[in-house]
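Engineer: Okay, here's what each chain looks like letter by letter:
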Amino acid sequence: MDPTRQSIDQVLLVVGISAYITGALVLLAYFLTRRPLLRTIGMPIATIGCVAQILELGARWWMTGVWPLTNLYGSLSMFSAMAVAIFLIFAVKYDLAFLGGPVLAAAAIALGYATTWNEGTMPAVPALQSYWIKIHVPIVVTSYAAFMVAACVSAIYLLKAGMERRYASRGLRGVIATAGGPKLDVSMNAYAATADDMLRTSRDETPAITQAATAGDGLAQWLAGLPTLARLDVMQYRIIAVGLPLLSLGIITGAMWAKEAWGAYWQWDPKETAALASWIIYAMYMHLHTRPEWRGSRTAWISVIGFISIMFCYLGVNIWISGLHSYKM
Amino acid sequence: MEARSRNGLGASALASLHESWDDLVRLFANVTFGVFLLAVWAVLTLIGVVIDQGKDPTYYAQNYAPPLARAILRLDCDNIYHSAAYIGILGLILCSMAAATFTKVIPRRIPRLNPVKIDAIPLHAKIAVDEPVDAVRERLVAFFSQRGWQVRKREFGGTEWAFADKNNWARRGVLVAHIGFLIIAIGTTIYWAKGYSGQFTVLSGQTATIPESGAKIALQRFAYRIDPIRTKSGIVYQPIDYVSNATVTGRDGVGRQAVIRVNHPYDVDGVDVYQSTYGFAIDFQLTKDGRPVAGPDHPLKEGEAFIVDGTGRSIQYARFVGTIDRATGQPGLDPRPNDPGVVIQAFDGDQPVGSALIPLGTAVDLGAGYRLEAARYILYSGFQYRYDPGIPVVGIGSFVLLAGLCISFYFLPARLFVLVRERAEGGTEVGIAATTVRGYDVFEERFGEIVAALRRTHGVKTTEVPAAAALGTA
Ligand code: HEM
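From first to last, the protein sequence lines stand for chains A and B.
Each residue of the first sequence is one higher than the one before, counting from 1 in this note's numbering.
Each residue of the second sequence is one higher than the one before, counting from 1001 in this note's numbering.
So that you can see chain B by itself, here it is in the shape it has in the complex (with noise of 0.2 Å):
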């Protein structure tokens, strides 16, 4: 008795659970809640677009209303591309759409051969004709295969149907597109999953590791080109080309000599290499009247800073000039290095002091004793690395979804329902009414000539045209 009770509880709850599973399933096919969560998608996707990616906190305290900074990083917006929410949009957008495809998309736009009543779809239409059943059903037949529609017949009852349709197997189409845009987030989720991406910078005759691969970037040498153009406002320096000359190890251990150059990765091991950034790495020399002591460590890049020992300052290296302009002793506009120099900004704690900016191989003096002297720059190359095996899938996803799309908006589906009867008065009644999978406005024109060439040729004989037969809604 307990048991049995028992038994009926658990099978209540499990209907229940059924219950809850297929209001689920109904609210996520729901075409307008996929919609929805598409809004919600386009407005993740903009709010990225407003407000700088990947910045430092400091970044947003500095450029945005304390209130506005703290919600950015509290919402993760600083790097919502990779935010629990965008992503959880988009596995909802899966879900959804996955939903959509079992539930509506196939049986809604796949649909069996059943009879219609005429009179209620919008587009019909309906002739009379002064011949025998038989013959008219027989010309209606060539009369639609002649003009590339699939006709197939079927008895519903005793009654004959003939359905007509047009581009069926592009109802497929929603489906090809749905398919697509699956197969790009299995990609993307392959290289979430096993891919990697970074960035270094190498001075030349210096040598890189990747960390992920191991795979060694020796630079040998590095060269630009950047040529004056005139233009309406004035001469532009124009960057034209940079390349890497380097050789590059990978995993059999043997070197290779390669040419990285902008806009030509280089594959390594499956990896590629890219030329992305350069620039002018300084050696600065330091000394305390008139002896060396200890500078910085390293050439310095760009952006790059050095305490100065037992002073409490720091020293930053702030940019690189290339053509110190004569006259004004300042920065000139080009970029080359023709008469170069750099910038360098003073710092007391976070408290910058001063700037100043030193001709190549001349010292400034940093005050009680200490000197400076930028002796010389030394190029150095930055690069990007990626390894992305979902490339080939997201290609192959696009491709999918690209012919889903040109299917379903180019090829229309449209199924004529044709019935044709005999007359109470004597002679016949054909009946045809058209659906298509976009509504009927689409379809409307269409449908109007077939229904005139119907009238007009082809044996079909008609003795009258009934004024409700008129297209459209009775």
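Next comes chain A alone, as it looks inside the complex (with noise of 0.2 Å):
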């Protein structure tokens, strides 16, 4: 690349990297103050982060003619275009600003961490010279940003969910404290056990909180502020419905390429297994997110354990264990 361009990129670049930082750390004083000015700043610039990123990747592609998901700093570029933009999205669909924080966060440091890998531009591999690759690509780190944006939003489930228990039981002992006797020790046992299920079904599933909200706790005010337990659960279930049919059509995609490229659309290479795997994981998320027993804390743990494994598939598998799909052959 010449010197105009390569700086073309490197602004492009650096805006959206500092554009990232800017809107995690606004949107992270949004998420923790609620104040609505934080949000209006906060979301243009995480557009702008966006906007740079894809254009910097577009700028790439057409300055130099190479595809840039050719490589990591290339597909890590993507992914973090992607949960950003998916962030997005469903911020303004479903007024979810308050995941800003944690998602650019996490965009910033997979842009930082792929500035690490910034060869520069290099031709592909000849088995990654394909047009399938601008298929495949696109297609699965898309699905890794939008399993990563869940995993956020089960992060904020699992946080409240567990607050919740804290005060629930906090509570209850105070009750205890002062009442002794074995008959309260009972019902804080039918509590605890059925305390998943008041959660879901009873309008307020957070009354802990509520209540110490009410007495003037400023932990419990600001949980009581986060959207309801049930939403965070179908907000996570619906990015969770983009997540695995994009995975699905990823491996159905790379099984095409594969049987193009090397005969076999399924060769059990260490990358296609890993993804497999996490698919399994968010198929088990989607059975047991149809059992009202299971629906809740346990489907959000399992959102985790996906995502813990979609990035064992993306980053682990290409830095521990070598095989068709690194990128360095």
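The set of hints was computed from the structure by calculation and includes no laboratory data.
Treat each hint with caution, since some may be false.
Below 20 Å or equal to it, Euclidean Cα-Cα: the simulated SDA-like pairs (lysine to any residue) are [stated by the list, open to error]:
(1) A:K259 <-> B:Y1387
(2) A:K93 <-> B:R1446
(3) A:K259 <-> B:D1267
(4) A:K259 <-> B:I1396
(5) B:K1104 <-> A:T290
(6) A:K259 <-> B:G1395
(7) A:K259 <-> B:V1400
(8) A:K259 <-> B:V1243
(9) A:K259 <-> B:I1186
(10) A:K259 <-> B:F1399
(11) B:K1055 <-> A:W268
(12) A:K259 <-> B:G1205
(13) A:K93 <-> B:E1449
(14) A:K259 <-> B:K1117
(15) A:K259 <-> B:T1189
(16) B:K1194 <-> A:W294
(17) A:K259 <-> B:G1195
(18) A:K93 <-> B:K1117
(19) A:K259 <-> B:L1402
(20) A:K259 <-> B:E1155
(21) A:K134 <-> B:H1264
(22) A:K134 <-> B:N1263
(23) A:K259 <-> B:P1392
(24) A:K259 <-> B:A1185
(25) A:K93 <-> B:T1277
(26) A:K259 <-> B:S1016
(27) A:K134 <-> B:D1241
(28) A:K93 <-> B:G1448
(29) A:K259 <-> B:Y1196
(30) A:K259 <-> B:S1276
(31) B:K1117 <-> B:E1155
(32) A:K259 <-> B:H1264
(33) B:K1104 <-> A:W294
If the Cβ cut is set under 8 Å, some of the chain A residues that face chain B in the computed set are [as the list claims (entries may be wrong)]:
(34) W62
(35) A241
(36) L249
(37) K259
(38) W262
(39) M284
Ideal Cβ placement from N, Cα and C applies to all residues, glycine included.
Using the hints, build the complex out of the two chains.
Structural biologist: The following block contains the structure:
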């Protein structure tokens, strides 16, 4: 690349990263304080970062003629751009700006890490020279991004549900301390056993938080201001429902590419196998989510485990295990 | 008498068998059990990612602690995807899916139109209207029809119920997803039953045969392209292309000129032959005291060895060096054969006893009067081949599965139960409850909007909104 072109690339990259870092801080502040002004500032910053990054990838392609997603830099860069794009779509549609802090922070980390793999532009190795790379990689990376956003929702769910349990047990302990006696002990056990059900079926799923908030507990007031658990669960489901079909399509297009390039659609290569394992975990999520007794904290944990397995598939396999998919061949 | 008691015994045995079968079906149809099976599948799949697959036993002995290496081999973890455990778990998943599909998915997802206890459904509302029952009924039908709901009326014990369905067709989404998965399983089984695959190498100027189909591949020429690319961390030699020019003879006995390029498999009688590797075979010449003696009987490929007669020593051709760095005499970075050489390794039995880098066209002294010359290199091409008649079936299954996922996730079937009754104090009461295939939370907002619209507009005049008629659980 000539120097002018290189500097355009650099400027867009710097704009992207700075927007993510600033956006993450502003939206994190919004998450903590709920000042509408912070949301008004943070959302456009997130949009600027996302657009700058997409432009950067596009500019690279246009200026060098080499598809930018042939190395880990391009791929991680697309991952963070898509995560922010998915966040923005959901945030606008379902008023989820509070998610911006964690999502943008993760995008900034991914992009920062990506730059350590930024080798400049290189033509792809023969195994990657195919139009399929333009179909398969963006689909797969977008599915990873969706799972990342879903895992952020799951983490917030688990935080709120966990704090509810903590407030509930603290409240009950308080009652036991004043009243004493085995009778109340029994009621506490009964509560512990049905805590999850109560979270789901009663209108106020977090009564202990509400009670503590009414009593003036600052943390409880902050928690009470988060979306309800039911809403967080529905959001997490909706985002995974974007990710899972994309991951399925990603695996299918990968198989089509493999069939065309290597004659066999499935070779038990570590990358495709790790993607299959993640796919199975999200299929488990979908099934358990149909069961009322599993919907809630347990499914949120599965979403977190699913995302860990996605990260293993995305980065772990590239770093620790080599195969057809390691970008360096 | 005896016969009758035997009959009785038979019948009770049959009944208990029937019961056990029912228990088994119930277990397999349980979603939690199915998910447990999926979890085992995921774990087995991940074991295969972490542990290298398909290596020979010495590899595991060298790379893992002895007890672990033994466990890997004993539990088939070296070839886990073809192990009995892996195939078994897939079989159990299919059984579980089939049991669930017949006993749960079909009946539960496609339920009959039945009356419900409105108050007992978490999403419910009651609206009082100042109008006669019949007029309200008619208006309600119009209200739901206009909004794209499919309205059906049924009478139960003299009471008329209206059922409004949205995306009723999408109730089959799960069935479609499950069938898709089954079709994929059938497609992969077809390969197991009828397909085959393998690999072979062929030197320029020679011919190889695919044993299963008898197709012949005569390699005329192999060519590759490797370009030096300048990157931030220095020059990297990047492979760009490799291609074999060959004459391929299929079942019809007619030789056809073929260009088999990486990423572009060549089809001979339904068998895909694809370019997978290449290498440099070396023509070694062995002499003793200046006279040629029997060395390797064919050009050696990387990793191959030959025994030097009468010495107990073997010589392995370890690797090809494209460019020897003239300044250092060591292998250079450029893999292209500019100034080529080969690295050989000498073994005494199993023990390595030394290695040497020999420039091509020169000889190295092996001791005891033996000299070995790496005379010239011959490019060879490596192919893999595969015959898989299950591919179209797997392809269809994949898209059916994907369609099932999209239907299940993006089209939420919801049913509204509407009961219009006269109120004791005059006027009409509309009771409405909603269920979906995915619980109540996902539909809460939408239900709120519907009830609000019902209350607000469409001529359903409300005189009273009882407190208990608020959304959600009473
Ligand atoms: C392990 C064996 C399996 C069993 C026992 C099973 C059973 C079930 C059942 C009973 C439901 C309906 C749940 C309800 O409506 O209450 C369901 C839903 C579903 N199943 Fe399966 N299934 C299995 C495997 C699979 C597989 C391998 C797939 C492939 C993707 C799959 C895809 C789906 C989908 C997409 C849904 C809909 C989920 C939703 O609506 O959120 N199932 N399954």
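Engineer: Just pull the numbers of the violated hints for me, sorted ascending.
Structural biologist: Numbers 12, 14, 16, 18, 20, 25, 26, 34, in rising order.
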